[in-house]
Every structure is written in C-alpha cells, then in structure tokens.
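Undergrad: Next come the chains, spelled out residue by residue.
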Amino acid sequence: MWDYSEKVREHFFNPRNSGPLENANGTGDVGSIKCGDALRLMLKVNPETEIIEDAHFQTFGCGSAIASSSALTEIIKGKTLDEALQVSNQDIADYLDGLPPEKMHCSVMGREALQAAVANYRGEVWSDDHEEGDLVCKCFAIDAVMIEDTIRANGLKTREEVTNYTKAGGGCSACHEKIEDVLIAVNGRLYSSEPKPNKAPANLPSESPVKPKLTNYQRIRKIEDTLEAIRPMLQRDHGDVTLIEVDGKKIYVALSGACQGCQMEAATLGGIQHKLVEALGELVQVLPVGAMAHN
Amino acid sequence: MKPIYMDNNATTACDPAVVEAMLPFFTEQFGNASSIHSFGAQVGKALKEARGRVQTLLGAAHDSEIVFTSCGTESDSTAILSAIKAQPERRTIITTVVEHPAILTLCDQLEKEGYVVHKLKVNKKGRVDLDEYKSLLGQFGDRVAIVSVMWANNETGTLFPVEEMAEMAHEKGIMFHTDAVQAVGKLPIDLKSTRIDMLSLSGHKLHAPKGIGVLYLRRNTRFRPLLRGGHQERGRRAGTENSASIVGLGVACELAMAHMEAENTVVKRLRDRLERGILGKVPNAFVNGDTLYRLPNTASIAFEYVEGEGILLMLNKQGIAASSGSACTSGSLEPSHVMRAMGIPYTAAHGTIRFSLSRYNTEEEVDRVIAAVPPVIAQLRKLSPYWSGEGPVPNPEQAFQPEYA
Chain F
382 MWDYSEKVRE HFFNPRNSGP LENANGTGDV GSIKCGDALR LMLKVNPETE IIEDAHFQTF
442 GCGSAIASSS ALTEIIKGKT LDEALQVSNQ DIADYLDGLP PEKMHCSVMG REALQAAVAN
502 YRGEVWSDDH EEGDLVCKCF AIDAVMIEDT IRANGLKTRE EVTNYTKAGG GCSACHEKIE
562 DVLIAVNGRL YSSEPKPNKA PANLPSESPV KPKLTNYQRI RKIEDTLEAI RPMLQRDHGD
622 VTLIEVDGKK IYVALSGACQ GCQMEAATLG GIQHKLVEAL GELVQVLPVG AMAHN
Chain L
11 MKPIYMDNNA TTACDPAVVE AMLPFFTEQF GNASSIHSFG AQVGKALKEA RGRVQTLLGA
71 AHDSEIVFTS CGTESDSTAI LSAIKAQPER RTIITTVVEH PAILTLCDQL EKEGYVVHKL
131 KVNKKGRVDL DEYKSLLGQF GDRVAIVSVM WANNETGTLF PVEEMAEMAH EKGIMFHTDA
191 VQAVGKLPID LKSTRIDMLS LSGHKLHAPK GIGVLYLRRN TRFRPLLRGG HQERGRRAGT
251 ENSASIVGLG VACELAMAHM EAENTVVKRL RDRLERGILG KVPNAFVNGD TLYRLPNTAS
311 IAFEYVEGEG ILLMLNKQGI AASSGSACTS GSLEPSHVMR AMGIPYTAAH GTIRFSLSRY
371 NTEEEVDRVI AAVPPVIAQL RKLSPYWSGE GPVPNPEQAF QPEYA
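From first to last, the protein sequence lines stand for chains F and L. Positions 382 to 676 (my numbering) are the ones given, in order, by the first sequence. Positions 11 to 415 (my numbering) are the ones given, in order, by the second sequence.
It is possible that some hints are incorrect.
[Said to hold, decoys possible] Covered stretches of chain L (in silico footprint by chain F; criterion: 3 or more residues with CB under 8 angstroms from a CB of chain F, positions within the stretch not fixed): (1) 58-68; (2) 210-216; (3) 356-368.
[What the hints assert, rightly or not] Some chain F residues judged to face chain L by a derived CB distance under 8 angstroms, without partners named: (4) 400; (5) 404; (6) 405; (7) 410; (8) 419; (9) 421; (10) 440; (11) 500; (12) 502; (13) 504; (14) 506; (15) 509; (16) 647; (17) 651; (18) 653.
If you're looking for bench data, these hints aren't it; they were derived computationally from the structure. The structure displayed is predicted, hence computed values, not measured ones. Just so it is clear, CB atoms sit at the ideal spot from N, CA and C, and this is done for glycine as well.
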C-alpha cells in the first residue's frame, strides 16, 4: 500500500467538490484511460470579475488522483483565472503534504486540467505537450521519456552523463541498468564510461571546440548571469537561489525561501545544474551550500 | 472487528502447525544437515521426511526429484536457464503472454541476449489456443529448448491444460516446465502420470513460510544448476539448506493434502457465494477469466468505470484485504498484462479486484464482504466522469474523452 499522507487519505475518503457542476462555464477533460487516471474539472467563472466562484471534479483514478483533484478545487476556488493559473503541480502536492514520487503525475494532471478548463472558458484550444514514460528513477521521479529526450538533445553516451543532465540515477543507483537500457535504445549501443583523467572531454557534444576558453572572471560572470535568469522562476514559487562559491567543477549555491527544505530540492538543483552545463559548455556539479562543510 | 484476509494468491498465513514444527529448528535443532555429528544427523532426518511430504503432494515418483530452492522465482529461473544451458543448440522458448513476471521478465532479458521467445496469446476467457501451440511446436521443433506454461493464472485463476501441453511437447522431444505456484495445494497433482519435466512451487502460497520453494525435476531431465557450490540437493542447488522452512513446507504439504477436498468443495462454495452475492448487487460488473476451468479459491471481478486502488483503500478501511488487477505506479503503466491480453477494456481492467480465499475464510466473512462492496463501488462511481445517477452515462467512451488518452 502507498505511503500516503494523512491529508491525501482525508481528501480521498472525504473528497471536496465532487460530482457534476450545474452551469459550469469552463470544463477541462485530461488524463489517460490507458494509464487509469483521468479527470474532468468544471469551473463556474464570474464573467465580470473572472473569479472562480465554484469548482467541481469527476475523477476516474487512484486514491491520490482523487485527492489531488479534490485539493485542486479547494485551492482555486475564490481565485481569479490568472491567479489560478499560477498554481503549480508542486502547490497541489504541497497542499496534500506531499505525494509519493510515483504519484506526482496526479498533481501534474490536476494542473493540466486547470489549464484546459481555463482555455475552454476563454474559448481557446488547449493542447498539451504531455508525454510520460515508465518511471525509471524513483529517487528523483524521472521517467523514461524525459531521459530519452535529454539523451537525444545532448547526444549523451554514458550513464554518468545521464545522471549529470537529468539527476536520474543519482540517488540509490538501483535504476542504472534501466538507464543503460534507454541509452542502448537511443544510441543503438552502450558506450563505455571509463574515466578519462585529465583529458579534455573533446567528444562531449556540449563542449564545442570553437568556443574560446573562458577566463575565471568570465566563467563566474556567466554562472551569475545564468542564475539570474533562473531566479524569477524560483521566485514565482516563493523561493530563491544565491551563488556562494565556485570551486573548479563544483558550484555551491544556497536555496532559500520555499526552495529550502522542499522535497523537490534535489530536482531544483538538478535543473540549475542542467542550465549551467548548457551555458558553460562543460560538465559542472551544482551542490547545496551545506555540502561545502563536509568537504 | 477482525480483519478479513482475501488475498491468498499474494501470500497466505503460516498455519500454526507449520510454525510449531519449525520452532525447534531455530533452537536445539540448529545443526547443519551436512555434518557428521548428531546435531546434523537429526536435521538431515527431518529434511528427508519433509522431502517425502512434498513428493506425496506432487505425486512425484522419487523423492530425489524434489529440489529445495529459496522461492518460486528461483525455481522458475533455474528451470529456464538450465534448459538453455544444457541444450546450447536450442535457442527458442515457448511460453504464454499471461505468465507471472518471474517468467516474462526473464524471457524478455533472454530475448535481449539473442534467444527467440514465442508467447502464446489467450482469448477473452484467458485460454490458450492449442492449435497455435501445436503449429509452433511443429514449426520450431528441435530448436525449442523449453516450453514454460503456468498451471493456474495468479490473477484470474484460469487453469491451463498443462498435462496435455506437456504430452505434446514430449512427442516432439521438447522439455516442459510449469509454474504451478498457484495450483499446488489447491488442485490434486500427480506428476508421475504426466510428461511434465519441471515444476515450480512456492511455500508461502500454501501456508508455509516465505523464502522456501521447490523445483520438481523429473529423473533423467538434463540439468545445469543455477547455484554451484556444495553438494546440497545432490549438487543441483548449492547452499546450506533452509532447514526450518523446509520442515515447515513439509508440514504445509501434508496439511494441503488433508484439505484438498475441502479446498474444492467448501472454499469453492464460499468463492461462488461471494461472486454471486457481489454480482447480484453491483451493476456493470463481471467475472474475468475462464469460469469453467479455474482455481476454486479465486474470484476476479471487474467493476466498470472505477479504478481499483480506490476500491482497495476503501475496503482496507473496513478491514478487508484484497488486491487489484492494476497497479498504477507510473504515468504510463498499463493495467495488468493479463487483463490486456484477454482484451478487457481499460475502463473495466483498471477496476478489477481479485478476491482469493483460503480454508481460513468463513461464510460470515464472505457475507461481510458482500455487504461492504456495493456501497464502495457506488461511492467511487459517484466521483467517476463515466457515471451518472444509477448507471453509466450514455456512450461512456464518447461522453468522456480526456486529452492525451
């Protein structure tokens, strides 16, 4: 049985706002019957104020899908459409005191239903870019499709590179065989991941040979610029990031606000690392400031 | 109220007599059966007795055909890997699409390594087509290393004609293995009168403890061990014997033999009562599998337009333990491969619940479950976009078509 929080259980056993909604003027149907999770979100929006006066749901799905739907309706009621659209899937998961990694897609489905329902109200067509594969890395909730896309986009060849780019396999390491299977599926073979000490990684696609080598100053400026570009995204979720120290390939940052201690902290660091790797054209490691003390 | 356990195809409670028989082997009878001294000799005697009891339940010709392993999965792996190692010129395996992952995952891996795996399809009732099987045997003939077909399906209880299929394989000189972990103890088995070469058994499915299994290995079957080392199990499965569990399994086999008739009369009646009771009260529900040829203890019921996990959570709250045919663990996980293979629509496959009974269940428990299920289904259907009032919405598949279906 899943390790559901009390809040998830409570919303499952006593769902709020379930069943059809009379006079709904915005409806979003999302999910997949094949996967066994689908949701219809119905909104009653005041045309004058754009305030969501009522929200109901109907869900075909597991316990956490029902709880996520219930939580979503509670969160968005009384908000304007624009305010509601700021609600992230993490907000839904946080409202429920967290979801198991295998069940995070339930909160994603909630957010997508909201986007679809708002689009429906506004007479727009909502199209999703949703694609989910088999869950590969349970520590960081990374699925096969995401790993596949990252391998293709960056020409990754080894398991270590996949971990550097996506975080997948960076935890308990039980999924390394599965990651190698994805690498074989994409590349047609498995490249050996022998360590190549002190050799310029010229074969790494991200390190273009024409790119001039940055001076230390330029490099740190580039890191700062990249972090600056990421900060608004974090601030939207009431978090923030500060650069603390650059020690060769190790970049130490401090997460603050809502990012601090968030269960997605590792995923956030992984995302920052991804951006920095792209910007610098070299493999770097982003670590929380706390890791400095231990070194 | 006392909880009700109806998930015996997942695992069973150890019979108290089994536990009692095991206890001395943790304390004074701790010897290694291989030792010369008296500590070992007593254990050796107990193991021999247990082996005889397993032999009796399986109807094996010799007690040396019983090889103790750690679990059903180990027995399955040993059987298949032995067949391909002992016959390196044969690189084809025939099995079915509805096997347990212990077989299917192994076969998928072997496919990656270059072996050819043919999986027999099943029809709506979960039956294999013997003509298709016959033509596969004819087509691949002496390229086939082994045929592996489960005796009874764990999800639906559907029985496969393994005795007949073993005869057919034997005629072509092909080895036959059956994963019988769900069948042993529930059906009378007499291996000496069949052409089955290997059979897997799992202790914890018949009221013995977890961590003990058996591979039945017919005398003169070509064999290569999975684990090599000491001379235990006549060199066919090295590693110090799990003496306490082997003794426990022996007692469990004796008890299974004694309860065989009750399993097929008393337990079967309870199962039928449960099925009739639920189907009589819940609309849009049906039984999966082959209702004519199946285990006496298993009821697989599909409740349309609701998802299984919700049902299980609500039943669990009332102290009722069952299992679902679908485990939603990731975004793209489909419902059980067994339901899909039988062509059960997604809206029903996801709502499938398996009740599997044992001799410990009572009529009173069955009646409590019959009373508990209909309100649970009704409550979840109230949340379902496919349901409206007393029945499904008209044209459910058209009425609700979510994005990225």
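Undergrad: The structure should be examined with respect to each hint, and the outcome stated for every one.
TA: Now the hints, each set against the structure:
1. 58-68: With 0 residues closer than 8 angstroms to chain F, the region 58-68 of chain L misses the three-residue bar; violated.
2. 210-216: violated (count 0)
3. 356-368: Satisfied; 3 residues make the cut.
4. 400: holds, 6 angstroms
5. 404: Hint on residue 404 of chain F: violated, closest Cβ of chain L at ~17 angstroms, above 8 angstroms.
6. 405: Hint violated; residue 405 of chain F Cβ to chain L Cβ min 13 angstroms, cut 8 angstroms.
7. 410: Hint on residue 410 of chain F: holds, closest Cβ of chain L at ~4 angstroms, below 8 angstroms.
8. 419: holds, 4 angstroms
9. 421: It holds, given that the least Cβ distance between residue 421 of chain F and chain L is near 4 angstroms, below 8 angstroms.
10. 440: Where the cut-off is 8 angstroms and the nearest Cβ of chain L is about 6 angstroms from residue 440 of chain F, the hint holds.
11. 500: violated, 11 angstroms
12. 502: violated, 16 angstroms
13. 504: violated, 17 angstroms
14. 506: Violated, about 11 angstroms.
15. 509: holds, 6 angstroms
16. 647: violated, 19 angstroms
17. 651: violated, 19 angstroms
18. 653: At about 24 angstroms, which exceeds the 8 angstroms cut-off, the nearest Cβ of chain L leaves the hint on residue 653 of chain F violated.
Hint compliance for this structure: hints 1, 2, 5, 6, 11, 12, 13, 14, 16, 17 and 18 are broken, all remaining hints hold.
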